[in-house]
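Trainee: Sequence:
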Amino acid sequence: MLHPKAMQDRDGEPDQALFSTLPDSLREGDGPGIIARLMENTPSNGRTPRPLSWTELGLGPRSVLGFLLTLALVAGWLYYWFWGHDARSRPAPATRMADVKTLNSFREDVCGPPTPNGRPIAFSMLYSEEKRAWIEDAVDDFARLCPNIQVKLTAMGGLQSAEALLSGEQRPLVWAPTDELIVDYLMARWKARARPEILLEPSERTSLVRSPLVVLVWYDQLRMFQALLSAQSSPEGPWMSSLCALVPRDADPSKTPLEEQLPGRWVDWYDQNAARMPRPAAGERPLPSREELVSWDRVKIQHTSPTHSTSGFEVLYLLAYDYSLPPRQRRAAPADAGPQETVVLGNEQLREAFAQGFSAKKEQLRRWLQRCQAGMPDFPRSTELATQRLLDEGAREFDGVVTFEHLALPLLQRIDRYPGVKPDVRINYPEPTFVNAHAAYLLWPEARGPEIEAQRDAARRWLAYLRGQEQQQKAILHGFRPAIDLSLLDYDVDGNLFLSLRRHGVQPVLEVTEPPRLEGQPLADMVDIWKAAVGRN
Numbered sequence: 024m025l026h027p028k029a030m031q032d033r034d035g036e037p038d039q040a041l042f043s044t045l046p047d048s049l050r051e052g053d054g055p056g057i058i059a060r061l062m063e064n065t066p067s068n069g070r071t072p073r074p075l076s077w078t079e080l081g082l083g084p085r086s087v088l089g090f091l092l093t094l095a096l097v098a099g100w101l102y103y104w105f106w107g108h109d110a111r112s113r114p115a116p117a118t119r120m121a122d123v124k125t126l127n128s129f130r131e132d133v134c135g136p137p138t139p140n141g142r143p144i145a146f147s148m149l150y151s152e153e154k155r156a157w158i159e160d161a162v163d164d165f166a167r168l169c170p171n172i173q174v175k176l177t178a179m180g181g182l183q184s185a186e187a188l189l190s191g192e193q194r195p196l197v198w199a200p201t202d203e204l205i206v207d208y209l210m211a212r213w214k215a216r217a218r219p220e221i222l223l224e225p226s227e228r229t230s231l232v233r234s235p236l237v238v239l240v241w242y243d244q245l246r247m248f249q250a251l252l253s254a255q256s257s258p259e260g261p262w263m264s265s266l267c268a269l270v271p272r273d274a275d276p277s278k279t280p281l282e283e284q285l286p287g288r289w290v291d292w293y294d295q296n297a298a299r300m301p302r303p304a305a306g307e308r309p310l311p312s313r314e315e316l317v318s319w320d321r322v323k324i325q326h327t328s329p330t331h332s333t334s335g336f337e338v339l340y341l342l343a344y345d346y347s348l349p350p351r352q353r354r355a356a357p358a359d360a361g362p363q364e365t366v367v368l369g370n371e372q373l374r375e376a377f378a379q380g381f382s383a384k385k386e387q388l389r390r391w392l393q394r395c396q397a398g399m400p401d402f403p404r405s406t407e408l409a410t411q412r413l414l415d416e417g418a419r420e421f422d423g424v425v426t427f428e429h430l431a432l433p434l435l436q437r438i439d440r441y442p443g444v445k446p447d448v449r450i451n452y453p454e455p456t457f458v459n460a461h462a463a464y465l466l467w468p469e470a471r472g473p474e475i476e477a478q479r480d481a482a483r484r485w486l487a488y489l490r491g492q493e494q495q496q497k498a499i500l501h502g503f504r505p506a507i508d509l510s511l512l513d514y515d516v517d518g519n520l521f522l523s524l525r526r527h528g529v530q531p532v533l534e535v536t537e538p539p540r541l542e543g544q545p546l547a548d549m550v551d552i553w554k555a556a557v558g559r560n
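Heads up: the sequence shown begins at 24 in my numbering, then just goes up one per residue.
Hints were generated in silico from the structure; no laboratory data involved.
Please note that a few of the clues may not be correct.
Taking lysine-lysine and the PhoX-like style, the derived pairs with C-alpha atoms no more than 20 Å apart in a straight line are [what the hints assert, rightly or not]:
id, residue 1, residue 2
1, K554, K384
2, K214, K323
3, K385, K554
Pairwise CB distance ranges (calculated) [what the hints assert, rightly or not]:
id, residue 1, residue 2, range
4, S226, G558, 16 to 22 Å
5, E371, E315, 43 to 49 Å
6, E224, D320, 45 to 51 Å
7, A477, D513, 25 to 31 Å
8, A156, S312, 49 to 55 Å
9, Q249, D132, 29 to 35 Å
10, Q295, E371, 35 to 41 Å
Every residue, glycine too, gets a C-beta built ideally from N, C-alpha and C.
Make a model of the complete structure from these sequences and hints.
Mentor: Okay, structure coming up:
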């Protein structure tokens, strides 16, 4: 191939003689062609090359205009992608317009008609933190189904929510505590403060789900509990005997150092009843040895603070029931009966006997609680966290925990997935115990006006939605028992832990006895007695 300078004459111009020999396709007719034009910009003899014109570069007016239009289109597309896409991804504001086109006939039947101004009807709901997972999932489903209704949620512990209502810190339209025990406590405090407003009508309640109070306990400790309780001749009830083992009802706490004001030790309990201990059944492993009981140290069944959590308040109530009305006093002999015949007192009779016993034994109960619990390091405020601690800290720290069934089931599921990694844990349904109804109440019944009436209608629709079959089945998957007539045995799906965890003691068909229910001032008195006994709020 020729070097460009070899194609020039002495003056640096294209050599016409050489170009005359090239084909027409390269010379472009009579002229020197493309090669000559390229050589015009080849430096030669110190001459400065001539820049190519827009026309020579093929960039005429039409090309420039097309380029500018293309650039504008690209810039517009980039702006839309980065700014428009970001705007679409931002969450909608809290007060949003309802998409009335999505309200078909079925949804209107559930949600009510669209609002005239297109804005959703908003109301607030204060509920117990124990059902947070189910409620939050349900409100997401409800928001998609009913964009014309907005539910604002606040979760709190049992007595904490009652105190928030009493102080005016919270003023929701709907209140859904764990159990009516909390409602009765609040009504007593409300009356004592002579509040002029009517807070709620106790009879107008809507049960959402059910969940019994249970004891989650390591299997070896449960076997020892059962053996000792069956062997001992104590007249005390099961709650006193297990949570405050070896603490006599007439104990004088002033004779015991604060750090020793705790339940008794396993080995001492065993020594008192060793001669009467039942032997394990054939094929069943032996009970833990005395040496092992020494390593267990004290009996440690944890429960939450009665001043913050419903489960802790229920434990306090059951301890007060055992102390005020021992099991032997829950029966009476009929007038015409023989010396060995007894009958179980009716619920109203039990309630009256409990109320009288509690009223007469308040100071004795305070001293006994002090001797049993004043030396405990802490009382957790959250039932869920207390339940989790059992598995996290192990059998050396806690023998068991008083919790709700729906919080116990996920923990049992974790153990069931990895058998042998952790010691076995069982769920126990004591007698008596509470079956929490998780009832919801509409507050401020005296309030009037179109706005509050619209909110009440929206709230009733929300509560009806929670009691619908779809949400009740989802509640089962969260570990709750349904509030409606829905069989746990018939709901045979993978997530139904009531069926898959039966080997851990779970009872799909619940058969328990509840204690008689006191109302009014005795409930507030129980909390005050506990505060004085343990020296903390």
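Trainee: Given the range 29 to 35 Å, decide if the beta-carbon distance of Q249 to D132 lies inside it.
Mentor: violated (52 Å)
Trainee: Does the hinted range 16 to 22 Å hold for S226 and G558 at CB?
Mentor: violated (38 Å)
Trainee: Run the distance test for K554 versus K384: straight-line Cα separation, threshold 20 Å.
Mentor: holds (16 Å)
Trainee: CA of K385 to CA of K554, is that 20 Å or under?
Mentor: Within the cut-off at roughly 13 Å; holds.
Trainee: For K214 and K323, compute the direct alpha-carbon distance and say whether it is at most 20 Å.
Mentor: Between K214 and K323 the Cα gap is close to 37 Å, so the pair fails against 20 Å, i.e. violated.
Trainee: Please check whether E224 and D320 have a Cβ separation lying inside 45 to 51 Å.
Mentor: holds (50 Å)
Trainee: Do Q295 and E371 keep their Cβ atoms within the hinted range of 35 to 41 Å?
Mentor: At roughly 37 Å between Cβ atoms, E371 and Q295 fall inside 35 to 41 Å, so the hint holds.
Trainee: Can you let me know if the beta-carbon spacing of E371 and E315 is within 43 to 49 Å?
Mentor: Distance hint for E371, E315 holds at roughly 46 Å.
Trainee: For the hint 49 to 55 Å, verify it against the beta carbon of A156 and that of S312.
Mentor: violated (41 Å)
Trainee: For the range 25 to 31 Å, tell me whether the beta carbons of A477 and D513 fit it or not.
Mentor: violated (38 Å)
Hint compliance for this structure: hints 2, 4, 7, 8 and 9 are broken, all remaining hints hold.
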